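Sequences listed follow chains L, D, W, P, E and X, in order.
Take any residue in the first sequence, count from 1 to its spot, add 433: that is its number in the numbering used here.
Take any residue in the second sequence, count from 1 to its spot, add 433: that is its number in the numbering used here.
Take any residue in the third sequence, count from 1 to its spot, add 433: that is its number in the numbering used here.
Take any residue in the fourth sequence, count from 1 to its spot, add 433: that is its number in the numbering used here.
Take any residue in the fifth sequence, count from 1 to its spot, add 433: that is its number in the numbering used here.
Take any residue in the sixth sequence, count from 1 to its spot, add 433: that is its number in the numbering used here.
Rather than coming from a laboratory, the hints here were simulated on the basis of the structure.
None of the values given here were measured: they were computed from a predicted structure.
Check before you lean on any hint, since a few could be wrong.
Computed cross-link-like contacts, BS3-like style, restricted to lysine-lysine with a CA-CA straight-line distance of at most 25 Å [what the hints assert, rightly or not]:
#1 X:Lys599 x D:Lys599
#2 E:Lys599 x W:Lys599
#3 D:Lys652 x W:Lys496
Residue-level listing of the chains:
There are 6 protein chains.
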Amino acid sequence: MKILLVNPNLTAAITAMMAEVARSAASPGTEIVPITGEFGAQVIGSRAESAIAQHGIMDLVAKHHQGCDAVVLGVSLDTALFALREVLAIPVVGLTEAGLLSACMTASRFGLITLGGRMIPVYQEMIRAYGLESRAVAVGAIENSPLQATTDPDAVRKSVAAACLKMVEEERVESIVLAGAALAGFSTSLRETCPVPLIDCMACALPMAEMLARLRLRKPVVGSLAHPGERVVKGVSPELAALFKTS
Amino acid sequence: MKILLVNPNLTAAITAMMAEVARSAASPGTEIVPITGEFGAQVIGSRAESAIAQHGIMDLVAKHHQGCDAVVLGVSLDTALFALREVLAIPVVGLTEAGLLSACMTASRFGLITLGGRMIPVYQEMIRAYGLESRAVAVGAIENSPLQATTDPDAVRKSVAAACLKMVEEERVESIVLAGAALAGFSTSLRETCPVPLIDCMACALPMAEMLARLRLRKPVVGSLAHPGERVVKGVSPELAALFKTS
Amino acid sequence: MKILLVNPNLTAAITAMMAEVARSAASPGTEIVPITGEFGAQVIGSRAESAIAQHGIMDLVAKHHQGCDAVVLGVSLDTALFALREVLAIPVVGLTEAGLLSACMTASRFGLITLGGRMIPVYQEMIRAYGLESRAVAVGAIENSPLQATTDPDAVRKSVAAACLKMVEEERVESIVLAGAALAGFSTSLRETCPVPLIDCMACALPMAEMLARLRLRKPVVGSLAHPGERVVKGVSPELAALFKTS
Amino acid sequence: MKILLVNPNLTAAITAMMAEVARSAASPGTEIVPITGEFGAQVIGSRAESAIAQHGIMDLVAKHHQGCDAVVLGVSLDTALFALREVLAIPVVGLTEAGLLSACMTASRFGLITLGGRMIPVYQEMIRAYGLESRAVAVGAIENSPLQATTDPDAVRKSVAAACLKMVEEERVESIVLAGAALAGFSTSLRETCPVPLIDCMACALPMAEMLARLRLRKPVVGSLAHPGERVVKGVSPELAALFKTS
Amino acid sequence: MKILLVNPNLTAAITAMMAEVARSAASPGTEIVPITGEFGAQVIGSRAESAIAQHGIMDLVAKHHQGCDAVVLGVSLDTALFALREVLAIPVVGLTEAGLLSACMTASRFGLITLGGRMIPVYQEMIRAYGLESRAVAVGAIENSPLQATTDPDAVRKSVAAACLKMVEEERVESIVLAGAALAGFSTSLRETCPVPLIDCMACALPMAEMLARLRLRKPVVGSLAHPGERVVKGVSPELAALFKTS
Amino acid sequence: MKILLVNPNLTAAITAMMAEVARSAASPGTEIVPITGEFGAQVIGSRAESAIAQHGIMDLVAKHHQGCDAVVLGVSLDTALFALREVLAIPVVGLTEAGLLSACMTASRFGLITLGGRMIPVYQEMIRAYGLESRAVAVGAIENSPLQATTDPDAVRKSVAAACLKMVEEERVESIVLAGAALAGFSTSLRETCPVPLIDCMACALPMAEMLARLRLRKPVVGSLAHPGERVVKGVSPELAALFKTS
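Required output: the full structure, derived from the provided sequences and hints.
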């Protein structure tokens, strides 16, 4: 099986880190195909950068999905997730979506911790969009930057540990999702520090993509996730325009 | 006052039609500045085309917002609405957002009618994102294309009238929002046909944009709608990249 | 355009203050017709006083709405709002309703601050009645009386500023509605003190009433907001009884 | 024990019918004190008439509650329920509130049937105000008038039976609340006709009022249901004004 | 009237204490039939023990319900409540269910206090199952054991008093349900200490069971609460197996 | 990896059928350990039978979980799911839980189809317990018995196909979960008949259990899913009592 791992931002170091976690989470025989964004934000940290990445991801996936069995979006805002589900015939899994759904199997009420307090409302919007607001009841943040996760992982680890303990005590969450592509892989080293399970989104997204690929679900032919039909789209890459062709 | 009216799709005829409705809804002295998309879908009719338009709208607004007092998004999916609210210091109003909020003042429970059944779930997602699912309780669609609204308005008018009557009878809605940029202006001629008020989104969005501009609310300096700060964004128009500069 | 501004409580000083804010928020050419309650509470500060005001407002509006194009309820509990919408053919806008709907265009999650902690649950009930509980996520209060807003505005201003800062820090709200007729006009002087936008309800209610009047929406002829038909109502003023006549 | 049964509308025949059902539902030794409205609507059938009754009920209860152990509001819109809870030291129970809460013990999902389709949205608003929208999932109406319940009970009985069967089949409700003071007592004769339990609101409200009276719960001294304190209220009956005195 | 009071755990002292409160809450002439669990947990304090009690309660009720007019479940998790409603023809009332529904008549927003912080999420699940999450907005716990309620009631009383005060101050609840069979009867001695009403679940459950028994509601013949029909159940007591017979 | 597959009902034929689907869904190297109920219902089809199975499942798992890496509950009501999560240190996955969570990755709004209309409210309760009521918006049933799925699979297949088409047309669901252990394996043969994806719960539960086992999440040491600590449980099998020991 081949799984396309899309990092829409321009930072190859993060792609590499995610690919490593993805490989260790994948079944034997699954090949990870990591790709990095070609235009847009160096590191996505706002709705505005994510808006540009909507185009960027569509473009990247259009160019690279051929021959793949599933797509994993390596961006914690799950940018363009349902848009890709319309035009592709293979499954697409969002990083945070996978973490949140997995957390449902570990706790009645859980929390989510990300990087940067300004993103808290954005994750609250996602949780509500997924209909999980009665399960994912707390969202917190550490004030480290995504790049620090590669340059000073110990500092990030300490911040995450403190934020987790605080959330368990104050909000009584019974597991915690670590959101943010840059936190992929951190749950392992924090396993003994935090009194409740820590969910690594990438470690969930990979097996879920494999599962969906194996289910061989049919592409819907009615409704909002059927292919939209032949559409005229101009001024974009030929590969992206081709996603809107029907023959 | 100058209000930027952004039509992210490539169809100038729809821009013109919207601009006309916008002008008739604006206060004396308000200038409407209509702009049409430069790349992306001819007519947006899916989440996938809207994903590309997220970039398109950011780009258009970056190029044209100077000197304007507010922005009205002339696209019924309210594409990039909160993204623009992050990077701009002037108010931004979404077409459907304005229609839904106005409908709240006309009915306890209301409905929404759009073009194309496949978009029904997408509007249901928007309504939920706005937190209005207990007010906007029904979403329906006519099966005419947006272009028909300009080429065969009588046929569209008949379809809308029938859909409204059906929704009033079956769902007991007490007013109806006509969503879809292409339906701008249709409410007037249907006024006597439908037993409950019909809400024209553009006729609401313009006065709401004027109101917000006059309120002169401060730009937030904390939280997810504060400017994200200096960000590195590559491979986009210089004007768009400049939105992410702080000096 | 003529807009009836109804203050159901018996305090003419508050009517005057509201009328001044209303005039400055209105379009050129709009005439504000302010009226003050004839019976009931000096200052409404409980559900019980608001219950009496339900009758008081119906009576006042029955006597004064002739020749007006819209009604703005100058009472922060939006008393009798939907009741008036049944019997009148012109639009009616509630003060807090207008503030809450406007706040939706300024923030993903916002708060509301009013006068008197005992009213907090009452505002929570209103927010839920409007279906906005996922948007208006925090309600707070200052412990000043409404009359202090006219007699010692500086003290009130300080209290509001402190309450806003606390709410932004603790609840991460991204804008704040100032509810309570007595707070009309305070947002301007607090503009620089509070790090997020402050919403003045009257400054929103006026333009919204103008907008609805200009939309010339039809009076519904079916449903709960159609006129209830000829009804026998005794022991009230002839003007109020006349609202229930159909010929 | 003495229970005040308040019928805010002016129709003594309905008071008499309700009092009879109340007496048969009460414990031995409970005295029912029925009172009829002095001003307002002959029969309340709209939010506008209910708004006037807010004052009417406050006035009636102020005049007659002395010596009573609890109040039952004999009006299906539960008019002024929480307002009375502020100013009285004895329990107050709403007719529809009691029926809805009792229905929770008979079904996972239940429905409500009332008189007059135009009232359906009003009951939906009440259900939501009580937070019971996930339990009370269907609201229907028969098109008979309240007065017909006394003049042509057989016709009303047939309409209710048909509406119940339809609701059980189409909405899968597992019990049904008969709302509307005029339907008090109808559940008995329909017991065998309807395949699920029928809830008579008065038959629930009486025992619930008795229960609350026996619990001798303390009057809250903080919060929105504590007495509002000494308030100036003018132009109302001395008994009503006295409810706002504290000494 | 005879009411079966089921204590599924094995602690007869708790049965006795509950029976005493039940008797003082019952009408004259009502006989309480208390029974204690035969297998399972000494004291139920987890979902796992409650799972075993599901069988235990079904078994106990099967053996003892003959001749009774209603069942009250003397276990604060309301274990097997809807399961019993399927197979019995007499009403069944849950302890916490009764307390929560009664609290709805005493406050707009209320809280619940139980024994043992680990049970907080379990009560939150129950509140949501009952659809009352917008009314019962706070859940707290004291860290005393259920047995302490009989061996050291003063210590428990102090803990409850402190927890109530904290909840009123921090969460602004306007009444508080004391959940946990072991807290039956504590509300009386705390009446003056807590500034808002305290709800004793047993004192509510008894009159509610009496009320439902007097209503003589029909057993539903359709839906999930109709008897499931003849079912093969093996390896259980003959009395329990007999509950699944239809002739 | 070894996965315990628990069928709490007494029908070995259904265990065998489920085990077959489980084996085909498992990764190479995963061993399925199927066990069948020892007491309780032949086929669970009501809350009452599920209540008995709560004990049955606890008992079965206590006896057989040693040496297993995860548990899959082969019962569509997910009986005892969170109870097992308290006392076990290995992951437990519910059949319907797995299907519902997987469906979230295939559709914005989806439906669920089961066997027997009387179970519809029970699945609605489960969906709400999982917090998925805004995603799983329709529940339907076919009127075949679980045993027919093995004795007359063609008839069952036809019923399912018809129910799916009806649900897609009337409710606009975009994928459908086939719930009910007896429907395991039916999705494959219906793949081309239904216009939207069909979700086989067992095919999802197996890979999800494998995923959770590989994540090696820590057992929580605080909260409601920590082990409840040493508890006295009598009259049950020694293996079950041992689950409540801590040393």
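Hints versus structure:
Between the alpha carbons of Lys599 of chain X and Lys599 of chain D the distance comes to roughly 20 Å, so the proposed pair stays at or under 25 Å and holds. Restraint check for Lys599 of chain E and Lys599 of chain W: the C-alpha separation of about 20 Å stays at or below 25 Å, so the hint holds. Distance check on the hinted pair: Lys652 of chain D and Lys496 of chain W sit about 43 Å apart at the alpha-carbon level, beyond 25 Å; violated.
Checked against the numbered hints above, the structure violates only hint 3.
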